[in-house]
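Asks: Sequence:
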Amino acid sequence: MIEKSISTILFDCTTLLYWNRSPVGIVRAELEIAEYLLQTDFRIKYVQFNKQRDEISEISAENIQEVCAHLRGTQENNHSSFKIISPIKNHLHSLSNRLEKYGKNIEKILKKYANKELIKSQKEKIQEELEAIKIPPITRLTRNLFDKETLFISGGLDWDLSNYSLLYLLKKEINFKFIGIFYDVIILRNPEWAASTDLLKRFNLFFYYLATMSDGLVTISEFSKSEFLKLAKDYHITPTSQINVLHLGSSPLQKQEESNQPHTKQESNSQAQSTQLLPTIVESPEIYLKIDSKTGEFISSDSPDIEPQKQTPSTNPLIARFAKRPHSDFYALYVSTLEIRKNHQILLEAWKILQQHNNIRIPDLVFVGMEGWGVEKLLKEIQQEQFKNKVFWYSDVTDEELKDLYQKTAFTLFPSFAEGWGLGAAESLSYGKVAIISNAPALAEATQNLMPIIDAHNAYEWANIVSTFSNQPAKLQSLEKKIKEQFKQRRWRDFAEECINFAIHAQKEQR
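Residue numbers for the sequence shown follow the working numbering, so the first one is 1 and each next one is one higher.
Hints were generated in silico from the structure; no laboratory data involved. Heads up, a few of these hints could be off.
DSSO-like mimics (lysine-lysine), calculated; alpha carbons at most 27 Å apart, straight line [stated by the list, open to error]: (1) K148 - K172; (2) K172 - K230; (3) K403 - K388; (4) K172 - K403.
Using the sequences and the hints, build the whole thing.
Replies: Below, the structure written as structure tokens:
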């Protein structure tokens, strides 16, 4: 049972307020915590950063409830629910101009240490210069939200949407307690997967402040914890000793009226978005955040600083909407954003190998997920004649459609090079479906070491196991039985409650 706190909890909901598609990954984690807090009787203030990220303002619980309902699909598919939340309309985040005001000074400093080895060896000097940055005066509105008993909790897309520099300054002045949620260090360990050098700089700064100012830290896997500690050591940072591993939930998304039930987890309809066949287009005139396929950056099409993208009909016959999905009833499923580190390419290579054999049963390959950055070559390859009517990509599927795809797939595939967790793989097991995973450590952790592991770089191994499970159903059934008997599904509510419980106890330890 969670212990009540005498403190005021400030929960940063900036990510929820700017997101307007089905909540996945980090957004899902923030959604679950917000909804849990809405059900408690703690003293809670829901807050967000403004467009310039130099002010924090309070958002009413009613507005947060409205946003959560919208994200879960219990509101009609329009943006009217957001219009009553004036901070969203007035402060849509312009992510193309992130480094402004004091951010310009930060950029100048980090440019001097762009080399990864220099960053490691000169960390103390970087720290001195960062701490010497002059930050604009903090508004009374922001300061009045904090006192020394405040417990500030943040766990969204903070490198893009929050301002840890401001929080760091406030913490030095007021000495409130800060609890962060950490997901992975992938782009700092593998900068080749970053969409831009600007993203690397922002994430480096985010990591520095998170590691230095957190009084308690939640990591989502043992692997992400070990990577966090290794990188902190590389950067000569001694982080808090209060680090707790809390696995994310594995149960599917559900409607809000069902989410409050303690023992049931069912799927819900999200906003009624259409299933599309490659290549994807965005048809909604109001998208609060989307990923730019060329830069990998989050952009806002309704921001005063960014010209809204004009939607023009395409003459490409491949761009179509389907009343019935075109893949066959026998298919393998990969649910993930299309980006380089997710390694969709290895599956295309595996399917090429499989297609050389005429005497075996080969499933269709179905990709489900948003288009990320740097995948133009991948998209062109999917359109090649050899993959016609064999490989399909759907973007912006509804939650009900995703549920249907999971339930009817023969098995799922997760060949990522690196992960901080493995939410899709864990969800696959929640549906009783076998997940073939890569040798990324977090995927084994997410699937509780129950699933077959394949080298992320070996297309022949992937082809072999796909062929095995497609043509020897007894082997697939054996693993499905193993899932039924041994897999322990984790409720999202448990993650949210344990997260808040840990935050409160970590705060008390620091007093």
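Asks: Compare the structure with each hint and give your call.
Replies: Verification of the hints:
no.: 1; hint: K148 - K172; in the structure: holds (10 Å)
no.: 2; hint: K172 - K230; in the structure: holds (26 Å)
no.: 3; hint: K403 - K388; in the structure: holds (25 Å)
no.: 4; hint: K172 - K403; in the structure: violated (47 Å)
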